[in-house]
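Chemist: Chains as they are written, first to last, in numbering that gives the first Met the number 0: chain A, 0 to 803; chain B, 0 to 349.
Keep in mind that the hints are not guaranteed to be accurate.
[Said to hold, decoys possible] Quick list of in silico lysine-lysine cross-link-like pairs, DSS-like style, CA-CA up to 25 Å:
id, chain 1, residue 1, chain 2, residue 2
1, B, K325, A, K644
2, B, K75, A, K786
3, A, K241, A, K262
4, A, K674, A, K625
5, B, K323, A, K644
6, A, K331, A, K383
7, A, K28, A, K78
8, B, K41, A, K652
9, B, K41, A, K786
10, B, K325, A, K331
11, B, K41, A, K383
12, A, K518, A, K480
13, A, K241, A, K652
14, B, K276, A, K331
15, B, K325, A, K652
16, B, K205, A, K652
17, B, K276, A, K786
18, A, K786, B, K205
19, B, K75, A, K652
20, A, K613, B, K323
21, A, K89, A, K56
Since the hints were made in silico from the structure, they are not lab data. Here the structure is a predicted model, which means the values were calculated and not measured.
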Amino acid sequence: MRNFTLRFFICLLSVGCGLKSAYAQNAPKYTLSGYIKDGSNGESLLAASVYAQEIAKGTNTNEYGFYSITLPSDTYTIKITYVGLATQVKTIVLDKDIRLNVELGATATEIQEVVVTGEKKGANVESTDMGRQELKVEVSKALPALFGEVDILKTIQLLPGIMASGEGNSGFYVRGGGPDQNLVLLDDAVVYNTGHLFGFFSVFNSDAVKSTTVVKGGMPAEYGGRISSVVDVSMKEGNMKKWNVEGGLGLISSRLTIQGPIKKNKCSFILSGRRTYIDLIMKPILPKIGDGEFAGNEYYFYDINAKINYVVNDRDRLYLSGYFGRDVFNFKDPSGIFKLNFPWGNSTATFRWNHLFSDKLFLNTMFIYNDFGFKANTGFQDIKFALNSSVQEATAKMDFDYSPLPGHAMKFGLQYNFHVFTPYTASGNAGGVDLKTTNQEKKFAHETALYFLDDFEVNSWLKINAGVRGSIFTFMGPFSKTVFRDGRAVDTLSYKPGQNIRTYWGIEPRLSMRFKVSKNSSIKLGATMNQQYVHLVSSSTTTLPIDLWVPSTAVVKPQIGAQGSIGYFHNFKDDMIETSVEVYYKHLWNQIEYGESAVGNITIDVEDQFTFGKGWSYGAEFFVKKAKGKWTGWIGYTLAWTWRKFPEINGGKPFLARYDRRHDISIVQMYEINKHWKISATWVFATGQRTTLPVSFFMNEGEVHFVYGERNWYRLPSYHRLDLGFVYTIIPKKVRKINFTSDISVSIYNAYNRMNPFFIYVDPKGVIGGSTNDANGDNNSLRFQAKQVSLFPILPSITWNFKF
Amino acid sequence: MLDNKKIQEYFCRLLPWSVASRPWSLMLCIFFAVLITSSCSKNIDIEIPEGAKQVVVEGTIETDRPPFVILTKSQKFFDAIDPNNIGNYFVHGANMQVTGSDGTQTELVELCLQNLGLPADQAKQVLDALGFAAVDSTQIPNVCIYTVPDVANYFLTGTCSFMGKERTTYNLDIKAPGFVNVNDSIHVTSTTYIPTAIGIDSLSLKEHTNPDYRDSMMAVYAYVTVPDTFGNFVRFMTKRNDEPFYKAFGGTVYDDRLFVGLSLGLPIERGQAPNAKFDINTDSYFWRGDTVIVKWSNIDSRTYDFFFTLENDGGDSPFSSPVKIKSNISNGLGIWAGYATRYYGVRIPQ
């Protein structure tokens, strides 16, 4: 360790020391490149390892399964590994540029063991990545799930530093950042609203998902536009080899996925659909709630994922993928007074063209469209109301992967986005008269970014990932706005189409360094700065369909985040056990909240209800993972503080954020008993969320009204929960040459029936001086009672999954 | 243990106007109603931090009426409340002055119900007028009010020494005795404005939407012409027969953002006692045979802000944040409200 420290300082003093050692060899250099695929279905493998044993150098495949490594001319033993698939070893005489495409087969034992991540061996110690995890969808499928709905976003909440936004919710907070500060991508398209049914289910259908990469700190320069984290979800590409059908029947939804080759090894597709039948289940229940006033409504959601990929030739590959999901809520009360039709959801479409210019230069060109929006049509008596809001985005993007020299993996690219924000737009009609729609103008903006990064191995113990991202954002016309003061219109702003209203730009440096301390341990440092130009401000902790994304404007400035982290990584027992400790500090500027008196009035431009401040958070994350074997799993513990300070909230005093959580523990364990049985258990513990409760009351017109105490002064009781999962696999039987497998998956949510706090409300009953009984038969004198609401008791569920 | 009904009540006031303009409120309500069929609520005890008590003003000055001010103290949240002892919440012995922008001025004097020796029915009327409609008149608490010294003239003749006028600003200046030490005077001030009364053009009646109720109930519509410049705010209440004026569950205040420059008919939601049970079928309707009075007041923006924030505070839950009620009182809580009021009546045929 002392030796290491010494070397570190010597290196810092002699600039370029590492470069010298890396380039000192005079032998001619050649490039080994190619694609790594899963032999069983032709799916590209992300982060498969290609490793030259003789010189202990290697690289990983990118999202498209492509790798490129430049080495001095020699004969190498190349080892290609991907956890869960059989390793292949090839001897290569590298006397010219060589293309080596490899298809990895299943392991010889044919045991479908659950592998926690798809990382290469020792990757967590070797790489410069900090706070980065790749999660295979199989992990989510092996774990117990609420109502049996497998949800990748709920799985990532089990990682240290990532917290669930609430009971049963797929929303999450990363290292003290807000929910809008997470960049959630589905095949490179931004997903603006990740939840169905107020976030209780995520929009990601697990059958269509291949892998998920989570970056919670040290965001590399290729990602931008958000300041906290990245959740990068890749859809499956479609089986290139054979037709494949899989699906499941669950308690509240069913899924069906079909994939197969259109032309074998050339072109394939996948089509996956999911629909809930909550509406059918609830139909007999609803009339029994209350006085039957809910009988007329129905709710369901569905989503469709589709993807086609086409291998044009050895150098070109095309992908077209899309997502379409909707939540639909229809309500008609029995008396016919209200009618409501309320659909909302995301759609995304991504076209990608992979092109290989040379063995060293890979280009991915993308055109992406995505939107999120809701519509609501309501009416009562002869007033009709139509309300909608949306965010739409068109993106063009070019990402280059370039490996010109040994030990260098460069990425650079550019990105352009055109944003259209439609605020709550209400059109109404009262008895034939159209209501006014002042200040409901669309907002238009351009966003452009350029980035460059180099992940380079300076020498055997130092590896640096240095990058920079430059971004520029312009809020532009056409736009007009009436400025109000005390309810009176005092000014009207008007901008022509294309007129520049406000421009912001930022330079975002990203740096992470890995210092190898020993063969199986390393120290990593990370420092990043990010800009965020689009914002979501919510008064709730769940994702609501009405969540409104807004751009940076003259009023709203870009959010800026800076994060520094340091970590120690150590693997034991031949990488069987991975451990890490990471400490971070994060500072956030231009944070946005609703003002203390904001009510969410749709007739006021939402940005005029905002107030601005700053935030900071710090903490430590401990992680132990057993990645291989019959018994796998991990334990994560986070100790964290999250602060906010707004001049116009809490009298300007700093306060702990609602999602400040001092302690957060996740224990995730999976065990494969035999070919038939897999069991799993997760236990989570979290310090209670903070909430603002009233501290006093006053009277007005004979009624009681609340005066709230300091922001988030009260902490709810702690949250803890045990979930159990059992999967029974029915042994494959060849039925008419079809290999039909199925399993029955049983989940028990909240196994020991803990009454966890969902929220607390104060129930003031009665009126001042009342003495008669009210409608509920309560004596009507005034009293207060704080009540804790718990959402889910023990909830067993069962799902049947099949595949052939 | 299951307390569905109450949680549902807490979230589900299916108010016509708010549902139309914020349809998700209906959705959240139903979502909650469904969720709570599997959820539980339990009583918990919370230790409330000690906060300073504040002076609370509930003052009105209306066209052609003298000012009335009720002065109370805010109370710690979980203090037990003895309904017969509300008298203790009142702040007695304050010096109070109202000054109009037209140069008029008056001192207000404190009148306490117990000292007036009114017959029970008159005492009840006074309580109704002050918003204590639910108080049992046989156990009248010692409710006190600050008003002009010759307020009796107003009740007898309809006029007195100081009455509200339209297009006039009124300053309220209060020096209340300290809560701990009576010699530490608390100085509270406020300003309100009585705008021009715009009123409504006419009231008319419409059939109930639901045929099942057509024989028993009707909707009352107010036809209004809204000025074409922004900045007009309205507060309304309704009164059926010999009931007092009550507030509608859906709220009492409107701004003109959606209506500026329009002539249109708006359904009037029926005002109800605060402890009445909400019923979607009857909420917006009046019974046949009712005599309905609509009290329609133009107010200034700060009075609107107070009532709008007060009526929209949903507390801290996963679906909402607490709302700090906007007050126009400096060094205190509450509202000093100017009303430019007009009254309109309609008789609903049997």
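Chemist: If a hint holds in the structure, say so; if it doesn't, say that too.
Modeler: Hints, one by one, checked against the model:
1. B/K325 - A/K644: Holds - the C-alpha atoms of A/K644 and B/K325 are around 21 Å apart, at most 25 Å.
2. B/K75 - A/K786: holds, 17 Å
3. A/K241 - A/K262: Roughly 10 Å between the alpha carbons, so the hint for A/K241 and A/K262 holds.
4. A/K674 - A/K625: Between A/K674 and A/K625 the Cα gap is close to 20 Å, so the pair holds against 25 Å.
5. B/K323 - A/K644: holds, 17 Å
6. A/K331 - A/K383: holds, 14 Å
7. A/K28 - A/K78: holds, 19 Å
8. B/K41 - A/K652: Distance ~33 Å between B/K41 and A/K652 Cα, so the pair is violated.
9. B/K41 - A/K786: holds, 5 Å
10. B/K325 - A/K331: violated, 36 Å
11. B/K41 - A/K383: violated, 40 Å
12. A/K518 - A/K480: With a Cα-Cα distance of about 62 Å, the restraint between A/K518 and A/K480 is violated, given a limit of 25 Å.
13. A/K241 - A/K652: violated, 63 Å
14. B/K276 - A/K331: Since the Cα atoms of B/K276 and A/K331 sit roughly 21 Å apart, the hinted pair holds (cutoff 25 Å).
15. B/K325 - A/K652: Within the cut-off at roughly 19 Å; holds.
16. B/K205 - A/K652: Answer violated: B/K205 to A/K652 is near 53 Å, above 25 Å.
17. B/K276 - A/K786: holds, 21 Å
18. A/K786 - B/K205: Violated - the C-alpha atoms of B/K205 and A/K786 are around 42 Å apart, more than 25 Å.
19. B/K75 - A/K652: holds, 22 Å
20. A/K613 - B/K323: The hint holds at about 21 Å.
21. A/K89 - A/K56: Holds. A/K89 to A/K56 sits at ~15 Å (cutoff 25 Å).
Against the hints set out earlier in the document, violations occur for numbers 8, 10, 11, 12, 13, 16, 18.
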